[in-house]
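*Asks:* With chain A's structure known, arrange chain B on it following the hints.
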Amino acid sequence: MADAMQDTAVRTSRTVRILIYLILLLFGLFYLLPLYVMLINSVKPLNEITGGGMMNLPQALTFAPWAKAWSSAQIGVDPTGLSPYFWNSIKVVVPAVVISTILGAINGYVLTKWRFKYDKILFGLMLFACFIPFQIVLIPMARMLGLMGIAGTTSGLALVHIVYGIGFTTLYFRNYYAVFPTELVRAAQIDGAGFFQIFWRILLPSSGPIAVVSIIWQFTNIWNDFLFGASFADATSQPMTVALNNLVQSSHGVKEYNVHFAGAIIAALPTLLVYVVAGRYFVRGLMAGSVKG
Amino acid sequence: MSNVDFKTRLQNWLPKLVLSPSLVLVLVFVYGFIAFSVYLSFTDSRLLPSYGLVGWENYSKLWRLSHWKTSLTNMGIFSVLYIGICTCIGLCLAIFLDQKIRAEGVLRTIYLYPMALSFIVTGTAWKWFLDPSIGLENVLQSWGWASFEFDWIKDRDYAIYTVVLAAVWQTSGFVMAMFLAGLRGIDNEILKAAQMDGASNWNLYRRIIIPQLRPAFLSAFVILSHLAIKTFDLVIALTGGGPGRATELPATFMYSYTFSRNQMGIGAASATIMLMTIAAIMIPYLYAELREKN
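Chains as they are written, first to last, in the working numbering: chain A, 1 to 293; chain B, 1001 to 1294.
Chain A with its partners taken away, still in its complex shape (with noise of 0.2 Å):
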């Protein structure tokens, strides 16, 4: 967290301290539990998982299941494996988190530096549209989709990542240019340069860590999304975690729990990646913009 920030003044005494360790590495195994599982079980037989030893290390270590569910497991109908669907992913994850970050840009930039009237309100519907129950949303956007030609392709679902996207984008963009000085953008104004000149050669080259914060916050959440692609995707434009929930809950044949294992690290590698790459600029940009919550 921001290093500026100190840890509390309150002491403790030395058997309170093993105590307080014990129980932070007790919780720590709890977190690393299911990862664990995962991982290991990945990379072993079938045969040893169902003989009783999920917690224990692989005896024969295989990869097999990783590159059967990567590309030949069956997935729906098709003996696919999980690569097309992760394109999929790729597809509406992409041009989602690009054109929705950059809306949030644009308007986090009008909010706080041309306020008009009635802006706080406007702010308000955008905000409120972040924390509606999607369900509320879910027939009249199949209806949309369809009259627009779109349904059940990735550019439909990207559309509709982008549409309940940018609350959030304009959330973050508009608390960070908030404590931007007003000041800058004045003078600016004085020596005659333009709405996107201001936009383009003052607040955007100093807008590095907030837009590390809406990418990341879009791109795992777009990516984790289930709901809108298990009612929006047809079987051509599936994302992952659709695919990956098929996979698991398919009932016909042995279950392989080494390759839904597998299916399941694929799927979360992207975002865990991202996560560990880039997870303190998250933390210290959401404090730069002071985002409550």
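The hints are simulated quantities; they were obtained by calculation from the structure and are not laboratory data. There could be a bad hint or two in this list.
[As the list claims (entries may be wrong)] In silico SDA-like cross-links for lysine to any residue, where the CA-CA straight-line distance does not exceed 25 Å:
(1) A:LYS120 - B:ILE1281
(2) B:LYS1154 - A:GLY53
(3) A:LYS255 - A:ALA235
(4) B:LYS1016 - A:LEU127
(5) A:LYS120 - B:LEU1286
(6) A:LYS120 - B:PRO1284
(7) B:LYS1069 - B:ILE1281
(8) A:LYS91 - B:LEU1025
(9) B:LYS1230 - B:ARG1156
(10) B:LYS1016 - A:PHE195
(11) B:LYS1016 - A:VAL98
(12) B:LYS1230 - A:ALA151
(13) A:LYS117 - B:PRO1021
(14) B:LYS1016 - A:TRP114
(15) A:LYS120 - B:VAL1028
(16) B:LYS1154 - A:SER250
(17) A:LYS117 - B:ASP1005
(18) A:LYS255 - B:GLY1244
(19) A:LYS120 - B:TYR1031
(20) B:LYS1192 - A:ILE18
[Said to hold, decoys possible] On the chain A side, residues computed to face chain B include the following (Cβ under 10 Å):
(21) GLY53
(22) ILE106
(23) ARG115
(24) LEU122
(25) MET126
(26) PHE134
(27) MET141
(28) ILE166
(29) THR170
(30) THR220
(31) PHE226
(32) VAL242
(33) TYR257
(34) LEU272
Idealized CB from N, CA, C, for every residue including glycine.
*Replies:* For chain B alone, coordinates are given in the frame of chain A:
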């Protein structure tokens, strides 16, 4: 002359012009759609939207369905336990992590990473881990504890608690981070002064520190309650709503009534009730937040 005039007028309109695409999207896709869904809840829509008004019929049908009552009871059990346990664990871990802990960075990373996972991944991991035939029960029995039984995920009366367990696992670390940020913002001078006056650690936390965390408690409550009402994918992946209907929630109810049972009117009515519940929590909160920052 008129050229300059046009330019200034354009500059005045530009901000609103630039904002308008987002605004139109939100007005149509959020508020327009909400209006449409609420309208559908008063119609005889089944497989497809239909526009014959039937008044409150869908709502009275809905409240007579045992399926809906089950999902509401589950929602009650789930949200109370989920919000309560996440807040407790989050607060305790944050307080403990705040005691100049050596490996704080590593522990924080471990506590937080589940938040990056999809609920489908979380559900899959816990589904097999809790499965009596290969998971925990089987493992402990093979380790020699022959009488050990843990089949909650297959038990109608207990399955909902496995949903709580997986959901707590996923989000409690995030709540911890919120409380930790709150703790780091507390002025140490006050604490030192109280310590000089001989206050015990227990009193320090009870009287001074925890009361100052009020905003963190509020944000945690708002975020957790909206996550609770939206919970859908986790149930689908973990239990599929079963065994039987034992773990159905309003979100899964709405989905199955709308898309598999062709009762769109009833589905829309249930979605409307979900929206109203969230609005009752979110609107006062957002109103207070936006006024504060004025």
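*Asks:* Does each hint fit the structure? Answer for all of them.
*Replies:* Here's how the hints hold up against the structure:
1. As the CA atoms of A:LYS120 and B:ILE1281 are separated by approximately 19 Å, the hinted pair is consistent with the 25 Å bound.
2. Restraint check for B:LYS1154 and A:GLY53: satisfied, since their Cα atoms lie roughly 21 Å apart, inside the 25 Å limit.
3. Between A:LYS255 and A:ALA235 the alpha-carbon distance is near 22 Å, which keeps this suggested pair within the 25 Å criterion.
4. Only pairs whose Cα atoms come within 25 Å are accepted, and B:LYS1016 paired with A:LEU127 is accepted, the gap being roughly 18 Å.
5. Between A:LYS120 and B:LEU1286 the alpha-carbon distance is near 11 Å, which keeps this suggested pair within the 25 Å criterion.
6. At most 25 Å may separate the alpha-carbon atoms for a hinted pair to count; A:LYS120 and B:PRO1284 meet this at roughly 15 Å.
7. Under the criterion of a C-alpha separation no larger than 25 Å, the hint pairing B:LYS1069 with B:ILE1281 is consistent with the structure, at around 21 Å.
8. At roughly 21 Å between alpha-carbon atoms, A:LYS91 and B:LEU1025 fall within 25 Å of each other, so this suggested pair holds.
9. The straight-line distance between the Cα atoms of B:LYS1230 and B:ARG1156 is roughly 22 Å, inside the 25 Å bound, and the hint therefore holds.
10. This hinted pair checks out: B:LYS1016 and A:PHE195 have alpha carbons roughly 11 Å apart, not beyond 25 Å.
11. The suggested pairing of B:LYS1016 with A:VAL98 holds, with an alpha-carbon distance near 22 Å, which does not exceed 25 Å.
12. Among the hinted pairs, B:LYS1230 with A:ALA151 is consistent with the structure: their alpha-carbon atoms are about 24 Å apart, no more than 25 Å.
13. Restraint check for A:LYS117 and B:PRO1021: the C-alpha separation of about 18 Å stays at or below 25 Å, so the hint holds.
14. Between B:LYS1016 and A:TRP114 the alpha-carbon distance is near 9 Å, which keeps this suggested pair within the 25 Å criterion.
15. Between A:LYS120 and B:VAL1028, the direct Cα distance comes to roughly 19 Å. Compliance with the 25 Å bound is thereby established for this hinted pair.
16. As the CA atoms of B:LYS1154 and A:SER250 are separated by approximately 18 Å, the hinted pair is consistent with the 25 Å bound.
17. For the hint linking A:LYS117 to B:ASP1005, the alpha-carbon distance of about 22 Å falls within 25 Å, and the restraint holds.
18. Straight-line distance between C-alpha atoms of A:LYS255 and B:GLY1244 comes to about 21 Å, which keeps the hinted pair within the 25 Å bound.
19. Using a Cα cut-off of 25 Å, the hinted pair A:LYS120 and B:TYR1031 holds, with the two alpha carbons roughly 17 Å apart.
20. Our distance criterion of 25 Å between C-alpha atoms is met by B:LYS1192 and A:ILE18, whose separation comes to about 23 Å.
21. About 7 Å separates the beta-carbon of A:GLY53 from the nearest beta-carbon of chain B, less than 10 Å, and the hint is met.
22. The criterion of a C-beta within 10 Å of any C-beta in chain B is met by A:ILE106, whose closest approach is roughly 6 Å, and the hint holds.
23. Here the hint on A:ARG115 is kept, as its CB sits about 9 Å from the closest CB of chain B, short of 10 Å.
24. With 10 Å as the threshold, the beta carbon of A:LEU122 comes within range of chain B, its nearest partner Cβ sitting at about 6 Å, so the hint holds.
25. Evaluation of the A:MET126 hint against chain B yields a held restraint, the C-beta minimum of about 5 Å falling below 10 Å.
26. A distance limit of 10 Å between C-beta atoms decides the matter here; for A:PHE134 the minimum to chain B is near 7 Å, and the interface restraint holds.
27. Because the beta carbon of A:MET141 sits about 6 Å from the nearest beta carbon in chain B, less than 10 Å, this interface hint is met.
28. Given the 10 Å rule on beta carbons, the hint for A:ILE166 holds: about 5 Å separates it from the nearest Cβ of chain B.
29. Interface restraint check for A:THR170: the shortest CB-CB distance to chain B comes to about 7 Å, inside 10 Å, so the restraint holds.
30. For A:THR220, the interface hint holds, since its Cβ comes within 10 Å of a Cβ in chain B; the closest pair sits about 6 Å apart.
31. Proximity of A:PHE226 to chain B holds as hinted, the smallest CB-CB distance being about 4 Å (cut-off 10 Å).
32. Hint status for A:VAL242: holds, given a least beta-carbon distance of 8 Å to chain B, under 10 Å.
33. The beta carbon of A:TYR257 is positioned within 10 Å of a beta carbon in chain B (closest approach about 6 Å), and the interface hint is therefore held.
34. Checking A:LEU272 against chain B by beta carbon gives a least distance of about 6 Å; that is within 10 Å, so the hint holds.
Comparing the model with each earlier hint shows no violations; every hint is respected.
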